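Participant: Chain residues, written in single-letter form:
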Amino acid sequence: MVPSETRTAEAGPVGRSPGQLIWRRFRRDRVGVISGFVVLFFFVVGLCAPLISKLYGKDPYTRYGQIEPGLLNGFGYPVKPNGGIDGEFWFGLEPFLGRDVFTQLLYGIRTSLLIALAVTVLATLTGILLGIAAGYLGGRWDFLISRFIDLLMAFPQQLFFVAFLPIVATLFVDPREETPTWVRVVSIVVVLWVLGWMTLGRILRGATLALREREFVEAAKVSGASPWRVIRKELLPNVVSPVLVQATYMLPNFVTTAAALSFLGVGLVEPTPDWGRMFAIGAEVYEADITYMFFPGVSMVIFVVAFNLLGDSVRDAFDPKSGRR
Amino acid sequence: MGKRTLRGGRAAGVSLALAGALILGACSGGGGGDEGDGVNEPEGAGTLDSIAFGDAEASAGPAEAVPGAEPGGTIHVLQETGPNHLDPAQIYVSDEATVARLLHRGLTTVRLDNDGEYTVVGDLATDSGQVSDGGRTWTYTLKDDIYFNDGSEVTSADVRHTFERQFADFITQGPTFVQQWLANTGGADYRELLPGGPYEGDHLPDTVLETPDEDTVVFHFEEPQTDLPYALSMVGYAIVSEAGDTREAYDEAPLTTGPYQIEEHRPGRSMTLTRNEYWEPESDSARNAYPDRYELTFGHTTDDSTRRLMADNGDDRYAISFNNGVDPANAPEVASDPAYSDRLVQGYQPYVATLAINTERVTDKRVREAIALAVPLNGVLNAYGGTFGGEYAGGFISPLLPGYEAGYDPYGKLAAPQGDPEGARALLEEADAVGYELNYVHHTGTEDSRAAVAITDALEQAGFEVNETEVPQETYYDTISVVDNGYDIYRSNWGHDWLSSSTVLPPLFDGRQIQDGASNYSHFDSDEVNAEIDRIRGIVDPAEAATAWFELNKTIMEDHLPAVPLFYYKQNILHGSLVGGAVFNDDLGTVDMNRLFVIQE
Amino acid sequence: MLRFLLRRSLGAVAILLIISAVTFFLFYAIPRNPALLACGKSCTPDQLAIVERNLGIDDPVPVQYWDYMTGIFAGRDFPAGDCPAPCLGYSFTNNQPVLDTILDRLPTTVSLTLGGAVVFLTLGLAFGMLAAWHRGTLLDKTMSSASLVLSSLQIYFIGPLALAVFVYNDGDFHLFSQPEYVPFTEDPGGWFAGLLLPWLVLSTIFTANYTRMARAELIEQLQEDHVRTARAKGMSRSTVFFRYAWRGSLIPVVTIFGIDLGSLFGGAMITEVTFTLPGLGRLAVDSVTQSNLPMLMGVMLFAALMIVLFNILVDACYALIDPRVRLA
Amino acid sequence: MTTTSPAAGSGTTGDGAPFLSVRDLRVHFSTEDGVVRAVDGLSFDVRRGRTLGIVGESGSGKSVATQAVLGLHDPARTTVSGTIDLDGQELITAGERALERLRGDKVAMIFQDPLTALSPYHTIGRQIGESFRKHRVASRREARDRAVEMLGKVGIPHPRLRVDDYPHQFSGGMRQRVMIAMALVCDPDLLIADEPTTALDVTVQAQILDLLLDLQREFGSAIIMITHDLGVVSRVSDDLVVMYAGRAVERGTVREVLRAPRHPYTWGLLTSMPRLRGDVGQDLVPIAGTPPSLLAPPPGCPFEPRCAFSTEVTGDVSCATDRPALSGTRDAACHLDPEQKRALFTERIQPRLR
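Chains as they are written, first to last, in this note's numbering: chain A, 1 to 325; chain B, 1 to 601; chain C, 1 to 328; chain D, 1 to 354.
One chain only, chain A, in its complex shape (with noise of 0.2 Å):
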């Protein structure tokens, strides 16, 4: 090619970088900032769940049903209706231990949120190490991360949650010793994290091998870059969009899967407060106190929703064509 004697074209947004556009198209997307927002108003509320709860004057461990008398009936209910909600406990008190349910929920948010954002992130950087990996270096490697994977999706997701998580825990730690809340996060992430790369690795392998036979990574490598440098300059800047989306998509799933296992009782165990186990106790107790479900149902329904709809901005800000509107 020869180069330009003249001036470039400067008009309309071609000069911009890639990411610049991106961004661009982003911030036009309403729904997509919007949902954006309400996010990260959740992991703020995570972050903030200490300094929040200060603030309100409660915590999510104190038993205050149970101390103070005429909270809680002799069923274990709270006495005043719609779930005990008032101006001293906003979200009402829990059924059986009389605790506060706005703390909890708060708490149980941030344990999640942690959980969720460990195994994306360990999620992603398996998909991306395995997925380059097979894609990259083709022949006898791909073959076996490609088995691998096959291997790894036949496994029933569910079940060997729910098998392995007590098992994992006694991996850690001497049966008699008390164990601590760590290993018990430790553990669930270590389990989600085994089964949850798989879709990222493929997606990762089929855009290396799409990109391997690009011009500007044969080019590189004909300049004798090294295959680190390779995949690192020229593969990973091109598959940050799979990457981001499917990040994107994994977290809430995360959430609710982690959710799930706490439902069917092997997640994180009293008195760590937890999102899932609020709708075990809630399925528990519904017919006394359906109040008691509404706050972590509908906050988790609001967050995934707009999860999702980030997700779906992001993808649309990174590739326009696949728009859904």
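Please keep in mind that the hints were generated in silico from the structure rather than gathered at the bench. Treat the hints with care, since some could be wrong.
Think about it this way: if two alpha-carbon atoms lie no more than 20 Å apart in a straight line, the pair counts; the simulated EDC-like pairs of lysine to aspartate or glutamate are [said to hold, decoys possible]:
id : chain 1 : residue 1 : chain 2 : residue 2
1  : A       : K58       : A       : E88
2  : B       : K554      : B       : D525
3  : C       : K141      : D       : D74
4  : B       : K554      : B       : E532
5  : D       : K153      : D       : D164
6  : A       : K233      : A       : E213
7  : A       : K80       : B       : E391
8  : B       : K554      : B       : D510
9  : A       : K80       : B       : D337
10 : A       : K58       : B       : E333
11 : A       : K58       : A       : D86
12 : B       : K554      : B       : E391
If we take Cβ atoms under 8 Å as the criterion, some of the chain D residues that face chain C in the derived model are [as the list claims (entries may be wrong)]:
id : residue
13 : A76
14 : E100
15 : L102
16 : F111
17 : D113
18 : L118
19 : S131
Remember, it's a predicted structure, so these values are computed and weren't measured experimentally. The beta-carbon is built from N, C-alpha and C at its ideal position, and this holds for glycine as well.
For chain A, the structure is supplied; the task is to place chains B, C and D on it using the hints.
Facilitator: For chains B, C and D alone, kept in the frame of chain A given last:
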């Protein structure tokens, strides 16, 4: 005495949403004496004014008619877990025992009559037993017209076989009282008496078990065993056919002597009972057997069965549960709405929940007292279903038992069920034990975990350091019944085997019984208490004994405090609108299935 | 076709072998002794040994695994009885053959899954087509937003909610009857009534997802060159839509459907627990709480088998849909 | 139905009213990033029996304009304005039904990539016969026979055997023949060929072009040949429109435009094209820069940013702000005056074309 533990969880399918009801424990036999005044009357529960060993007249069939009852129809039984065992010798847990009562008959049984009186009567035997030799020899004569459902007659050979096969290796789950009495040993040593059971041609010598003719069975014991009629009424000692014994396989398809037989059994799913044509009502003084069929379905969580029974639609109008209580979520509504409470049968279960303290580790009584003060009874009971789940306990002796004194509350727990962390802290400071470390183990079941939250929180408020661990529900009792278990506190339940405190205090607090797998969970050993146990056992008068037992209960509570009483379990059975004759049976700790009938429309 | 099946079956067997091994070794790595449970009270060491032998757990784990696998292919002898191939062992808790229990629970799960699948497949595809056909209109936007919200309604949230509102409300009107499993062969009406609510709840998220997927795929297909060609030939909108775009959108739908169905057949755990239906999922959950390893192993293997089987089925379906795929 | 006579009234000469007349066609897409003016004021005529070539770089709006003729754009996202007169029928305002009747019958289209343009899920026989069945209300059997006939006509061997094959079972050239057979199945009066040979290798290209010409001779159809390849145009076209950034920048007969191009963009196209008989040492000169964004086209001459000659424009016009017009059948939209153009072409461009 055998270990009395809440084993339901291990043997049975435990639902995640397991509610307050208990799954455990066959209990049997009436109690001695007429200590009616000691029994506190809970709502709906019957009282035990008097109980007697029935004579031949009382034992003769047919059973007294239930007013208004008509034969016929089908009763539907909604159960959480299906029986894992059908071989009577393997049956001990209550959800198996309740079903088995429709199928099997033993030498004796406990009859609840129209007046609410309990009598130990002869079942296959003509009376509750002829005792001689100062309680060392018991003679039973079999009735006429008693048959297995294959048409063969029940003979003394079958009775002998029934007891001999209790020693077989594959019989592991049933009661062990009679074997131990016959062998005069404790623990599992009785197996030495007839290793492997009767299958190799060995038999118990006539000096132990004698069958002089077709209809007569004689038990010979080295020590007086005055409780034998009670023990023999346990389903675990129901009669097994010698000719029809298929050993392990008998567990799936046993022959029956009771009014019903198994027509179809889909393990864990359903069971259909139809009439045993060879059962003669004239031979049975305890069973009315009005319904033609029983349709049992399993896999109903307590919330599921409660909702069905509340809705009262279709077949559920003919439904009841033997073991599923009202679940906590529906309890408030069931209690408050007459549409439901009229169909509710309530009473005490035999179990008393306690928080055992390992006295070998927690040696300072002040520390134990601090634990007792701190523990929030309301937190524990809330987890187990609140007022439907039980009633705060002040001692180790159930309100069902003779000698029980209502309102006994040495540590003020009934008055302050939320616990007294300040008082506890003061005691700890006095003992210079603030920051005392407690290893606390509980199981992973919903209720126990929930109770643990309250207990741990309260103990830490009081100044303890709690190291909380959990084990799976099904291994819980195996974990805590190890002598060197390494734990300081753990919840344990105990239920009497029959209505006498002699089946409560000795197994729990006799220090000479401490061994792996035994029920002295507190590892409590006091010469004074041991001596007192021996003394009371020698008391012949049941009323006097009952009072003495309760005094010993006080001594243990006040001077030693090896465990913190938490609550007395209650049972709440709801039934469909077309089920008649539902009354609570204190002996069973649930509804009396022998009196049920279908209200014909 | 035969070669395809053979090749895929071999692959499937390999995968199942590995899954069984991994599961087996992980399970038996846990420090619990199930024999203690089975031995019960008054358990002597001698007795414990007998029970362990009966359960086949006195051998080292690899030997046990070998015995287990032999049992599957050749049958196995147990003290409790002969266990013909494919033998998945005996339950720790009630001495029933694992296979019998699985087969006993299977109809519930199959009924639940198939009914749910019919609901979410028809509704999902219908809604997706409707939205794609009316792309950009208010209808499309409404349906897209609705499916977005619906797809976030977790079963453990709406299940109890639906029960409270439609079944166990205090009024006299109950939209659905109490969820339960009645075998179809016994009472088709009861079967339908008892499973209707579980079907709907189970299929809520699926319906929403299939709507979204079908819509997106159809819209993508409508932008394909060959669809444009068809339009340029004068084909009517509906012909283009149903004959051309629809066909192409089937492949991803079938793929996902195969995965979903495969994993649901292994037990729709949350639905079964929420509605207390005695299916494989609940069997698995109960087995976990009871440490009933043989049962859990059996369910796990069965579920994996279903997944692998449906994978093969999906591939076979590709050949039906797309003539370019040949099963050689 | 072995022979079908050309539609009544269609002549083989270029006389009389144009068969297709496009005036001031504008096709605007609304996208996430704004309105894309893909075609912005395009006019051209096509006469019966003649071939109009439309050339331009990718993105110049050639395909968009011709697809607008058939109304193939998604109405929800596209605004089409101007007039399209096909044999007296106004198409822009025509309803979907009327267009459907037209497509594949009076006007047919051939697309660039026969692999993606044919449905992989249906046999070619079905795909060919389908529009015949619709427009001629033929039975399944008749449609199949017609498909076989057409396959034979476009030179596919063993048409009777291959009619039930799927597109993937054909080679690229054969597939394009199938495409053509499909387009011609109803004897269209106007055939729009959108880069019909781009995806094919050179020898096959020639065969396909010959085929098209033969068929035109036989049926007397008008053809619009869209391409970026001037070689193709010079070979088959009678008239030529050069498009740039959604507009026509030069138009005339093929001879006029190629012999004496008047627009700097056309010059650029010519110099950037390899010639068979050219000097091997001669550098090809691509047009510098990239086409302007169609989102925000420059107000003046769209080619101005890339034009090497804009500085030579004299007078009070500015290439940057004033849009040059195009008028008449032979003209170029450029502010250079005719003399300048002639001089620049002969002095600076022609030498490079030797």
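Participant: Evaluate each hint against the coordinates.
Facilitator: Hint check results:
1. Restraint check: the Cα-Cα separation between A:K58 and A:E88 comes to about 9 Å, which is no more than 20 Å; the hinted pair holds.
2. For a cut-off of 20 Å, the pair hint linking B:K554 to B:D525 stands: about 16 Å separates their Cα positions.
3. Proposed proximity of C:K141 and D:D74 is supported: the alpha carbons are some 17 Å apart, at most 20 Å.
4. Simply put, B:K554 and B:E532 have alpha-carbon atoms about 12 Å apart, close enough for the 20 Å limit, and the pair holds.
5. The hinted pair formed by D:K153 and D:D164 meets the criterion: a straight-line CA distance of about 17 Å does not exceed 20 Å.
6. Distance restraint check for A:K233 and A:E213: the Cα-Cα separation of roughly 16 Å lies within the 20 Å cut-off, and the hinted pair is therefore satisfied.
7. Taking the CA atoms of A:K80 and B:E391, the gap is about 23 Å. The hint is violated against a cut of 20 Å.
8. Distance hint between B:K554 and B:D510 is fulfilled; the C-alpha atoms sit about 15 Å from each other, no more than 20 Å.
9. With a C-alpha separation of about 19 Å, the suggested pair A:K80 and B:D337 falls inside the 20 Å cut-off, and the hint holds.
10. In summary, the hint linking A:K58 to B:E333 is not supported, as the alpha carbons are separated by about 30 Å, beyond the 20 Å threshold.
11. Of the pairs offered as hints, the one joining A:K58 and A:D86 holds, with about 14 Å between alpha carbons and a cut-off of 20 Å not exceeded.
12. A hinted pair counts as satisfied when its Cα atoms are at most 20 Å apart, and B:K554 with B:E391 qualifies at roughly 19 Å.
13. Interface restraint check: D:A76 against chain C, minimum CB-CB distance 4 Å, threshold 8 Å, status holds.
14. Interface restraint check: D:E100 against chain C, minimum CB-CB distance 5 Å, threshold 8 Å, status holds.
15. A hinted interface residue such as D:L102 counts as satisfied when its beta carbon comes closer than 8 Å to some beta carbon of chain C; here the least separation is about 7 Å, so the hint holds.
16. Using the Cβ-Cβ criterion of 8 Å, the hint placing D:F111 at the interface with chain C is satisfied: the shortest such distance is roughly 6 Å.
17. Hint status for D:D113 relative to chain C: holds, with the closest Cβ pair at about 6 Å, below 8 Å.
18. Because the closest C-beta pair between D:L118 and chain C is about 6 Å apart, less than 8 Å, the hint holds.
19. The beta carbon of D:S131 is positioned within 8 Å of a beta carbon in chain C (closest approach about 4 Å), and the interface hint is therefore held.
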